[in-house]
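Chains as they are written, first to last, in our numbering: chain A, 3 to 341; chain B, 10 to 299.
A few of these clues could be false.
[As the list claims (entries may be wrong)] Within a straight-line C-alpha distance of at most 25 Å, the following computed SDA-like cross-link-like pairs (lysine to any residue) qualify:
id, chain 1, residue 1, chain 2, residue 2
1, A, Lys-301, B, Pro-230
2, B, Lys-12, A, Glu-232
3, A, Lys-46, B, Ser-145
4, A, Lys-301, B, Val-232
5, B, Lys-11, A, Lys-301
6, A, Lys-46, B, Thr-143
7, A, Lys-301, B, Ala-245
[Said to hold, decoys possible] Not close to chain A: a few residues of chain B, all C-beta gaps over 12 Å, as computed:
id, residue
8, Gly-63
9, Ile-137
10, Ile-194
11, Val-239
[Said to hold, decoys possible] Simulated coverage check for chain B against chain A, where a stretch passes if three residues somewhere in it have a Cβ under 8 Å from a Cβ of chain A:
id, segment
12, 146-154
13, 217-229
14, 244-258
The hints are simulated quantities; they were obtained by calculation from the structure and are not laboratory data.
Predicted, not measured: the structure shown is a model, and the values here were computed from it.
Glycine included, each C-beta is placed from N, C-alpha and C at the ideal position.
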Amino acid sequence: MLQMTSGIVGRIAGRIAGRRVRRRLIQLVLVLLGTTVLNFVLLKLMPGDLVDVIASESGNVSPQYVAELREAYGLNHSVAWQLLHYVGHALRLDLGFSFRFGEPVATLIFERLPATLVLTGTALVISVLLGVLLGVLAARRPHGFVDTLLSTLATLGYSAPMFWTALMLIVVFGVHLEWLPIGGIVDTNIAHHGFGLLLDRLRHLVLPAATLVLYYVAVFARLSRASMIETLQEDFIRTARAKGGRPWYVVTHHALRHAVLPVLTMLGLQSSALLGGSIIVETVFGWPGLGQLSFEAIKSRDVNLLVGVLLLSAVLVVVLNLVVDLLYGLIDPRTRHRQ
Amino acid sequence: MKKILHFFGQPSAFFGVLLLVLAVGAALSANWLFPGDPLDMVAAPYQWPGATSGFPLGTDLMGRDLLAGLFHGARVSLYVGGSVAVIALVLGILIGGIAGYFGGLIDQLLMAITEFFQTVPPFLLAIILVAILTPSLTTIVFALGVTAWPSIARLTRGEFIVLREREFVSASVAIGASDAHLIFIEILPNAMTPILVSTALLVANAILSEAALSFLGLGDPNVVSWGSMVGTGREALRTAWYMIAVPGSAIALTVLGLNLLSDALHTAFNPRLRRKRGAGVAPDVQAVRL
């Protein structure tokens with residue numbers, strides 16, 4: 003056990019020195035800089051500046067007060083100075099102030115982050131595992147009965163808009179069958195403790211997670227089917243079969259490791275879409291995460307908050323891609339030794 | 010010719026084209042079949058499909074005709090889908106083509122920008138752009154267009170990197186052709202097949218994004234859209250779920266048609282996939298979506 007653990011750690015350490023990971027870290031810095039500049043541009047695109055908003059809200063519009071505010075927020079300086087100022091603050095995790103909630107943007111974001119991670123994390127893990135399983139089943143006999151059935155279902159799941167799937171799930175399982183709660187993260191009418199609380203939270207998680215899973219399972223099933231069919235035509239599979247390997251043994255011990263690589267790449271690619279999708283799912287289900295926070299911010303045109311969420315989402319995407327790179331190193335020995 | 014026959018020989022091509030013809034037909038005939046404003050109240054509210062003669066799909070909670078909304082909504086969906094695809098194709102081909110053709114520092118710079126746009130959640134960026142620029146069909150098309158091009162840029166760059174080393178390009182260089190001539194006249198036409206094949210997916214994504222924006226209340230308030238119809242119907246979720254089911258099915262079926270078309274195009278025109286029998290989906294163009 004210990005040997006295995008140290009082996010894995012050693013592999014990861016070996017990968018950290020690897021070129022791909024170093025590239026990711028550079029990418030992280032570039033993304034941070036890029037998003038802050040983009041955020042700054044977006045804030046500048048807004049009609050009127052921050053001071054106009056505050057001044058109109060407070061009702062005190064004397065020229066002297068406005069001038070003081072401009073001085074306080076640095077708006078009397080040049081655009082270049084303001085940009086550097088903004089980047090400097092963003093690096094210290096100071097993302098500005100949300101006028102809708104009356105709290106610092108960073109505080110709000112970190113309050114809401116866990117709920118989003120639970121929802122998207124659950125959905126991703128289930129989608130990948132189930133998707134790969136279904137893809138492999140379909141690839142066993144291309145254009146056979148199982149494949150046709152699964153491919154049809156996958157194409158349907160892939161075509162339905164997510165907000166619509168969410169609402170239809172609510173109609174069927176929440177309103178008509180009354181099996182599951184249709185919104186929120188926990189039942190506020192009954193005080194649950196311990197195991198009961200966990201169970202209640204899980205019940206609230208089912209429908210929002212299922213909405214994301216119905217779509218992403220289709221994505222990963224389609225992809226792993228295609229990848230598996232391609233892998234099964236490779237020479238090393240023919241060799242494994244020629245050596246007398248039973249069909250399932252060849253699939254699980256030879257083909258799967260190779261076929262799952264594109265799925266990993268897709269996992270990294272889809273992560274930014276997943277965060278976008280969580281806006282819709284969280285809004286529909288009243289799930290108190292980043293997505294719902296963004297929606298609140300949209301409704302009140304709280305651009306400070308919106309660009310803060312944008313920055314954090316971009317960072318999350320790069321981090322997830324870093325994890326994907328590390329997994330790549332574990333699964334595919336070729337990327338470990340190629341320096 | 011063989012490829013075209015191969016394309017039409019697939020059931021997915023048949024059903025895909027059929028669904029698209031229905032959507033385009035609805036869009037084209039909307040003004041003729043339903044001449045009034047689809048946002049006008051024309052009957053009693055909350056009429057279930059089939060309950061009132063003259064309104065086969067019923068009315069919404071404001072007494073607006075759902076069938077008229079469906080026909081007029083098709084115009085918005087297809088207009089946004091088509092325009093966004095055009096913007097994404099132009100930007101993607103320009104950026105990807107220049108990066109792939111010149112290589113070196115220009116390539117690295119353009120690809121860093123592309124990667125950046127793939128890292129920032131596209132839908133969130135589109136939402137922010139629409140919110141800042143105030144929602145209208147033009148701003149929606151702009152916002153979705155400037156967030157949709159990266160997959161096309163990567164695809165084009167890949168094609169250009171391979172094609173620029175081919176003999177017919179070297180021959181043109183030898184007779185002194187300009188960079189612009191090489192990019193647009195020599196290489197681009199040869200790179201167009203995979204790009205055009207992935208266009209169906211681009212349109213599908215744009216339609217889904219527009220629907221999601223409208224559903225969230227960021228649509229153009231002056232036109233009826235399938236997404237905003239679902240958004241309105243949401244308020245009557247408990248009693249009148251048909252208000253969600255009807256426009257939602259329209260979105261799902263149109264997108265299904267485009268996805269089927271995309272699959273059929275891939276199998277027919279992508280030689281790599283045709284050789285490997287049955288593989289079917291090209292992972293590189295499975296763009297982000299909602």
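Between Lys-46 of chain A and Thr-143 of chain B, is the straight-line Cα distance small enough, at 25 Å or below?
holds (15 Å)
Is the Cα-Cα distance between Lys-301 of chain A and Ala-245 of chain B 25 Å or less?
holds (21 Å)
Is the hinted pair Lys-301 of chain A and Val-232 of chain B satisfied, with a Cα-Cα distance of at most 25 Å?
The hint holds at about 20 Å.
Is the Cβ of Gly-63 of chain B more than 12 Å away from each Cβ in chain A?
Answer for Gly-63 of chain B: holds, closest chain A Cβ roughly 26 Å.
Closest CB-CB distance from Ile-137 of chain B to chain A, is it above 12 Å?
Given that some Cβ of chain A is not farther than 12 Å from that of Ile-137 of chain B, nearest at about 5 Å, it is violated.
Are the Cα positions of Lys-12 of chain B and Glu-232 of chain A separated by 25 Å at most?
holds (22 Å)
Within a Cα-Cα threshold of 25 Å, do Lys-46 of chain A and Ser-145 of chain B meet the stated pairing?
Holds, because 20 Å separates the two Cα atoms, which is no more than 25 Å.
Quick check: the segment 244-258 of chain B, covered by chain A? Criterion 3+ residues, Cβ under 8 Å.
Held - the segment 244-258 of chain B has 6 residues with a Cβ nearer than 8 Å to chain A, which meets the minimum of three.
Closer than 8 Å Cβ to Cβ for three or more residues is the test here. Does the segment 217-229 of chain B pass it with chain A?
holds (count 7)
Check whether the Cα positions of Lys-11 of chain B and Lys-301 of chain A lie no farther apart than 25 Å.
violated (53 Å)
At 12 Å, judged by beta carbons, does Ile-194 of chain B keep clear of chain A as stated?
With a cut-off of 12 Å, Ile-194 of chain B remains clear of chain A, as the shortest Cβ separation is near 33 Å.
Please work out if Lys-301 of chain A and Pro-230 of chain B have their alpha carbons no farther apart than 25 Å.
holds (14 Å)
Hint compliance for this structure: hints 5, 9, 11, 12 are not met, and every other hint is.
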